[in-house]
Amino acid sequence: MKNANLSKSRSQLCDGLSQPSPDDPPTLAAAAAEIAGSTRTGAQDPVDSKLVALAELFAAACNSLNLSGATCAALTSTLEILQMDAGLVFLKDEITGELRVQDHIGLCERFVQEFLNCTMTLDLDNFCNVATWDEPIVKEAGDTLYLAPLHPAFNVEKWSCAVIWPLHAGERFIGTMVALNRHGRALPETSRSFLTSLGQSVGQVIGLARRLEKAQSRAAVLQERLMQLEQVTKVQENFINMIAHDLKNPLVAIRGFTKEFMLECSEKLCDNCKFYLSRIDANAAKMEQQIHGLLELSRVKHAQSAYEPIEFAALVKEAIDEMDYQVERAGADFILPANNVVIHAQRNLIRQLLVNLIDNALKYRSPARSPRIEIGFETQDCCWQMYVKDNGAGIKADEQERIFNVFEKFPQSTPGNPGGSGVGLAIVKQIIENHGGRVWVVSHVGSGSTFYFTLPKPVANVLGGLRTDKAQAEVMPKAGFCGSRAVQAGRNAIG
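Quick note: to get my numbering, add 191 to the position in the sequence shown (first position is 1).
Rather than coming from a laboratory, the hints here were simulated on the basis of the structure.
Below, a list of computed lysine-lysine pairs in the DSS-like style, where the Cα atoms sit at most 27 angstroms apart: (1) Lys620 / Lys425; (2) Lys492 / Lys508; (3) Lys477 / Lys620; (4) Lys439 / Lys620; (5) Lys508 / Lys580; (6) Lys405 / Lys283; (7) Lys477 / Lys450; (8) Lys620 / Lys492; (9) Lys477 / Lys587; (10) Lys477 / Lys439; (11) Lys465 / Lys450; (12) Lys450 / Lys439; (13) Lys648 / Lys580; (14) Lys492 / Lys648; (15) Lys465 / Lys439; (16) Lys477 / Lys465; (17) Lys477 / Lys492; (18) Lys620 / Lys580; (19) Lys580 / Lys492; (20) Lys620 / Lys648; (21) Lys477 / Lys425; (22) Lys508 / Lys620; (23) Lys508 / Lys648; (24) Lys620 / Lys587; (25) Lys425 / Lys492; (26) Lys492 / Lys439; (27) Lys425 / Lys439.
All chains, full assembly: derive it from the sequences and hints.
What follows is the structure, given as structure tokens:
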């Protein structure tokens with residue numbers, strides 16, 4: 192049984208040689224541990240020693256988070272596996288295509304540079320064009336003169352054995368590894384059978400580290416650009432807030448003086464003057480509304496109110512009560528959900544979201560019918576999907592993405608209603624983004640619109656005092672919400 196398990200461990204380890212990945216080290220380490228355990232019982236042979244060393248190579252190199260660390264770990268482990276004295280790793284420059292020294296062990300800098308110069312000038316027999324090789328090259332014993340002409344240092348060092356093989360990441364040549372022995376030491380016979388697998392494995396590990404380093408470099412660039420963008424955005428927000436605050440008081444004064452003038456001098460003003468004054472007041476009111484929207488959007492972006500469990504039914508009631516005057520004036524009916532649900536969110540922000548969506552439905556109602564607004568929710572795997580549906584004017588397909596941008600408004604408004612400030616839906620989007628959800632609209636011109644938004648379900652996870660739940664939220668029946676029904680709008684809309 193023990194021999195069977197050992198064979199299985201060998202198989203697992205050898206299977207991992209051709210396609211190493213970040214997930215390999217735990218599997219390889221487990222296999223290596225079982226093989227190493229056989230040493231204490233006297234069952235280990237030289238091949239098992241190579242397997243253990245190869246597992247350690249994977250564990251060390253794959254755990255390195257940068258190219259230099261992975262290359263150093265791979266070279267160190269390779270020299271231990273082959274029982275060699277020194278080594279070099281050359282990597283191909285991805286821009287120029289030249290081989291460049293990435294790392295070396297047991298060699299002086301001068302020797303390394305001369306060795307690199309020679310690899311660029313020798314013919315194929317002397318391991319130039321190494322990218323065309325499929326198998327490792329071993330030069331030893333009687334081949335020592337092959338190394339001598341390269342540089343006097345080779346004679347001084349008395350290198351007697353050299354192993355050179357290409358490194359490939361998949362099908363792509365990425366570099367060369369060289370291992371050297373001196374003083375007549377040959378390459379152990381047990382090591383020769385590992386050369387091909389070793390070359391493939393080292394190439395895969397170094398290729399993976401190089402890709403990771405490139406990804407980290409790109410991420411660092413993106414992070415820097417993101418920080419720059421955040422700084423620019425912060426400057427813009429501060430500028431907008433400053434302008435909004437500076438304009439708010441003058442607009443209040445303009446409206447106040449205009450109304451006072453119209454009241455005191457009404458009998459002395461001609462119709463044209465009254466018309467112009469009313470236009471001044473209306474436009475000042477519109478600007479005041481837009482400024483209020485900008486300030487509100489800025490407040491929402493930086494809102495830090497606590498998350499809390501909230502009954503969705505109660506929140507809907509609060510929103511409709513807040514819009515009581517507009518709802519009664521429009522004569523709107525509501526269709527309410529049959530059940531209640533407890534969500535986990537920032538109460539004031541979600542109430543404001545519902546108010547904005549109800550207000551939007553009332554402002555852009557169809558002149559051909561009384562407004563009807565349906566509010567409900569659907570259960571998804573990881574979130575609650577809420578919706579506010581109306582039977583209003585509808586939105587053109589090419590405008591449905593833009594309506595969540597600041598100052599984007601519907602092209603038409605109902606008679607007697609000049610439309611909104613163009614900030615309400617931008618606030619809705621910001622609130623949902625604050626909660627980690629998303630918002631979108633499905634609409635057809637003349638048939639109304641349905642605004643959907645998602646809220647993550649609660650998970651038992653407290654971070655900085657804010658809970659973000661994803662577990663199943665509680666669904667509970669609520670008196671007054673029993674059954675889907677249309678309710679006449681007004682102060683007692685939700686019974």
